[in-house]
Amino acid sequence: MRLISSLLLVALLWVTAVAQDGIYGSFIVGQKFIDLGPLNDVLKEHWDYSGKEFSNNRWTFGGEGHLVIAKRLILGGRAFGIFDHRKFDTGGGAIDPAAIDNLKDIKLTAGMGIANVGFNLLPVNKTGLRLYPAIGAGVQSFIFQAVSEINESQKNFEDVLVNNSDEMITLGKIGFVTDVSAGLDWYKPFKNFFTILPGLDLGIMLHAEIGYSFLPVKLKWRRDVDPGGAGQVEGGPDLQFSGMYFNAGLGLGLSPN
Numbered sequence: 365m366r367l368i369s370s371l372l373l374v375a376l377l378w379v380t381a382v383a384q385d386g387i388y389g390s391f392i393v394g395q396k397f398i399d400l401g402p403l404n405d406v407l408k409e410h411w412d413y414s415g416k417e418f419s420n421n422r423w424t425f426g427g428e429g430h431l432v433i434a435k436r437l438i439l440g441g442r443a444f445g446i447f448d449h450r451k452f453d454t455g456g457g458a459i460d461p462a463a464i465d466n467l468k469d470i471k472l473t474a475g476m477g478i479a480n481v482g483f484n485l486l487p488v489n490k491t492g493l494r495l496y497p498a499i500g501a502g503v504q505s506f507i508f509q510a511v512s513e514i515n516e517s518q519k520n521f522e523d524v525l526v527n528n529s530d531e532m533i534t535l536g537k538i539g540f541v542t543d544v545s546a547g548l549d550w551y552k553p554f555k556n557f558f559t560i561l562p563g564l565d566l567g568i569m570l571h572a573e574i575g576y577s578f579l580p581v582k583l584k585w586r587r588d589v590d591p592g593g594a595g596q597v598e599g600g601p602d603l604q605f606s607g608m609y610f611n612a613g614l615g616l617g618l619s620p621n
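Sequential numbering of the sequence shown, starting at 365, is according to this note's numbering.
It should be emphasised that the hints constitute simulated quantities derived from the structure, not laboratory data. Take the hints with a grain of salt, since some may be wrong.
Claimed, not checked - Taking lysine-lysine and the BS3-like style, the derived pairs with C-alpha atoms no more than 30 Å apart in a straight line are: (1) K490 / K408; (2) K435 / K490; (3) K582 / K435; (4) K471 / K582; (5) K451 / K408; (6) K471 / K408; (7) K582 / K408; (8) K584 / K451; (9) K408 / K584; (10) K584 / K471; (11) K451 / K471; (12) K552 / K490; (13) K552 / K435.
To be verified - With beta-carbon atoms standing in for the labels, derived distance ranges: (14) I433 / G599: 41 to 51 Å; (15) F610 / R450: 23 to 33 Å; (16) L548 / E598: 35 to 45 Å.
Quantities reported herein were computed from a predicted structural model and do not represent experimental measurements. Cβ atoms here follow ideal geometry from the backbone N, Cα and C, with glycine treated the same way.
Modelling step: build the complete structure from the supplied sequences, incorporating the hints.
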């Protein structure tokens, strides 16, 4: 079954790339400013939080992929995000690994995934450069997890910070996001070197992008990150994975030879 799936995937890539002007993808690493001040403030109210603040400038990791159609039209998508896992002392003193009851285990995850459409401004050239503005839409999320306990009668974000248990509670903000960006690619096919599939050249690609994402509506925290689940939670820090970002990446492409 796995062999059949692999063959179907290869066939799909071959048909897609030959029918268009290539398929390209890269692993991306970037920087994004996220205002985590509201989260730091609410944690300071409940925990001994000195020297342990979440920083606003964050490294992001993810990937992107796109098709080039008729030399100009770009259809693609990208997904990237952050992850932070920490332990904080809730007992009012310096963290002591022996005092395990005073340690709060928390995880913070945020990111976005979008589909976009762009237009290549540069004609086909020997340098292999493409420059394309793009617009897109997708989903962004903020997930806050803490070892705590919150029952059906508790409807405030802060309840998670003052209750202790052995269970990990999950609060999240997930919603629609729009995006504008500009991408720059440099692609070099390995012509006369080797061919991975008939009619296609394998090549290396350098990718860079700068963009800005918008949230059309303000999102509220929900328990278990499920719109049909435990329900909305009041209060909590105003966090959103929006604003300016920059990514750079290294990847591969399949282009008609």
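Status of each hint after checking the structure:
{"no.": "1", "hint": "K490 / K408", "verdict": "violated (56 Å)"}
{"no.": "2", "hint": "K435 / K490", "verdict": "holds (14 Å)"}
{"no.": "3", "hint": "K582 / K435", "verdict": "violated (38 Å)"}
{"no.": "4", "hint": "K471 / K582", "verdict": "holds (22 Å)"}
{"no.": "5", "hint": "K451 / K408", "verdict": "holds (14 Å)"}
{"no.": "6", "hint": "K471 / K408", "verdict": "holds (16 Å)"}
{"no.": "7", "hint": "K582 / K408", "verdict": "holds (24 Å)"}
{"no.": "8", "hint": "K584 / K451", "verdict": "holds (25 Å)"}
{"no.": "9", "hint": "K408 / K584", "verdict": "holds (21 Å)"}
{"no.": "10", "hint": "K584 / K471", "verdict": "holds (18 Å)"}
{"no.": "11", "hint": "K451 / K471", "verdict": "holds (9 Å)"}
{"no.": "12", "hint": "K552 / K490", "verdict": "holds (9 Å)"}
{"no.": "13", "hint": "K552 / K435", "verdict": "holds (15 Å)"}
{"no.": "14", "hint": "I433 / G599: 41 to 51 Å", "verdict": "holds (47 Å)"}
{"no.": "15", "hint": "F610 / R450: 23 to 33 Å", "verdict": "holds (25 Å)"}
{"no.": "16", "hint": "L548 / E598: 35 to 45 Å", "verdict": "holds (44 Å)"}
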